[in-house]
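Undergrad: Position chain W relative to chain C; hints supplied.
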Amino acid sequence: MRDAPFPDSLSEFQTWFAKIITTPIEEFDSENRISEIRKRIPPSPCLKSEERIGIYQKQYWERLFKSLQEIFPTLVRLFNYEDFNRKIAEPYLSQYPPNDWALSNLGNQLPQWLQTFYREADASLVQEMAFLDLAYQHLLFVELLPPLQPHQLLGVPTQKLFLQPGVFFFEYQTDLFAFRNQLQEETVEHWQTHPFPTLKKGTEKKYFILYRDQEQTSYEEIDFFLFHLLSKFQKGAQIVDLIPILEKEVDKVLESFQRIAAKGWLSL
Amino acid sequence: MPILNLGIGIGLRPIHLREIFASWPPIDWFEIISENFMKGGMPLRNLERILERYPVVMHGVNLAIGSAAPLDWDYLKKLKILAQKTKTPWLSDHLSWGRLPGAHFHDLLPLPRRKEVVDFVAERARIIQDFLEIPFALENISSYANSADDEMPEWEFYSAVLEKADISMMLDVNNIYVSSRNEGFDPKEYYSRLPLERLIQIHIAGHSDAKRYLLDTHDDRVCNEVWEIYREVVQKTNGVSTLLEWDDRFIPLEDTWKEALKAKAYQKQLLHA
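Top to bottom, those sequences are chains C and W.
Per my numbering, numbering of the first sequence is gapless, rising by one per residue and ending at 268.
Per my numbering, numbering of the second sequence is gapless, rising by one per residue and ending at 273.
Isolated chain C (complex conformation) (with noise of 0.2 Å):
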C-alpha cells in the first residue's frame, strides 16, 4: 500500500507533544517542562505558552474520561464522576492509552485491570459491574446473524448450531441485572447522596442470559437446563450430541426448544 514518508522533524514534535498533553494533569506544572514547551510554542495575545498546551492536556484527559464514563456507567454511579475518574479512569488510561481508531474499544481492558490492580472492598462488585457494563457496549456492535426459525428446528438434528454471537452468560448469586437497573434509572449526583439499594444474597445461583435483538439489548433469568444447554452451542453443537442433557429432563425440551427458537438465540 502507498504512503508518503513524514519528515523526521514532524516525528520529532508529534512525541514532544504527546508526552506533553498525555501527561496526568497534576504532574504538569514543574518548572522545567514550562521552559521547554516556551521554546516550542509561542505564547498568543491571551495565553502563556503552557496554557495554550494546557488545553489539549485537558481535553485529552476530559475526552478519554467521558469515553469511559459513557461505557460504564453503573460503575460511576458506584464511584461518582470524580472517584470515577481518579481511582479508576486515570490509572487505567495511563496502562492502556487508547491504541486504535476507535473510542469504543476504550474500556476492553478494564474489567481485567480491575482484577489486578483494584483490591477495594467493594472490589467484586465492582469488578462484576464493569464485566456487565462492557457486556452491554458489546452488544451494541454485534451483527447478528439470521436467526434459527422455530420450523427449521426439526430438521437440523445433525446440523452444527451456534449461538448468535454476542449471547452473554452469567451466573450470581444475586439478581446484578435488577441492581444495575435501579442504578441507572437515577443521575450520578443522586447516588452521591442517596444509599444503593439493598443487594440480597440468594442462597442459590441464578443464571441469566444477555443478549441482543434486532431492536434491543435484553437480559433474562433462565434456569441451570436452559443455561448448560445454551452454553454447549458456544462453539457449536448438534442436537444429537446433546441427547443426554435433554434426556435429562424431558419435561423441559419442548418449552427451552420453543424459547430458544423464539428469541432467536441460535443460528446455523
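I should point out that these hints are in silico values taken from the structure, not numbers from a laboratory.
Don't take every hint at face value.
What the hints assert, rightly or not - Some chain W residues judged to face chain C by a derived CB distance under 10 Å, without partners named:
#, residue
1, P43
2, L63
3, S67
4, D74
5, L100
6, H106
7, R124
8, I127
9, P135
10, L194
11, P195
12, K264
13, Y266
14, K268
Note that the structure is predicted; figures quoted are calculated from it, not measured.
Note that CB positions come from ideal geometry on N, CA and C, so glycine has one too.
TA: Coordinates of chain W only, in the frame set by chain C:
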C-alpha cells in the same frame, strides 16, 4: 464538475433517532461521524433506515492525516466500505494529526505550518482520495496552539495543502472565528485568502467562551460573528451545502433544525439578491 449543493443538513446523533424515526422530518440531509458506524451493529442498522430516506455525507474525526505514523489501511478499508454503503457524494476529515505508532490521541491536534509538512500531507491526501475513489475534503481545525517553527499563517498552510493535493475544501466558519480569537487575527484575512472554488461544504457550530479563549464545543447556537463570516463566504459562492454541528448539551431536534434553517435563509437572501 459542478459541485452538488445538498442544501442544509444537521449531524445525525443517537439522541435524535427516536424522533427522526417517528416523524421523518423534512431535513435536507444528514452528516454522520464516520467512525460511529464503522464497527457495524446497531448504529449501522439505524443508519440503513436513515439512508432509505435521506442523503448522507460522511465526516471523519480519526483519520489523523498529518500524523507521523504509517497510514492505517485497516481504518481506510472500513471507511471505504462505509462510503460505498452510504453513497456519500464526498468524504471529509480534518487537517490535523492525532496518532503515533501504537497510540491514538482522539483529538484534532495542530500541525506545524511548514513547507515540508504541506508536501507530506498533500501527498497523503492524494493517496487517500485515490483509494476512496470519491472527492475528499479537508477541514480547518480550531486552533489553541501553534509551533514556534511555523513558516506561514494557518490560511496559507490550509490553502497550500488543498491546492497541492488538488482536493476539496470543507470550511468550518466557526473554527475560523474560534482560531481568530485565540490567535489574534482578523477572520476576514483568513477566509478572503482561501481558494473558495474548492469549497464543497461548510460547517457552522456554536462554541464556549472560556473568558481568555474560545473552545470549539458544538454545544450552543451559532453566534452572530460566525453568521457574519458565513454570509461573507456564501456570498462568494453559488450556494453551498451547509451543516450545523451540535454535539453536546443537546436541544430538541426541531430546535436544532430551526437553528440550521437560518443558514437556508441567509443563502436565499444572498443568492437571490
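Undergrad: What hints, given by number in increasing order, does this structure fail?
TA: 9, 10, 11, 12, 13 and 14
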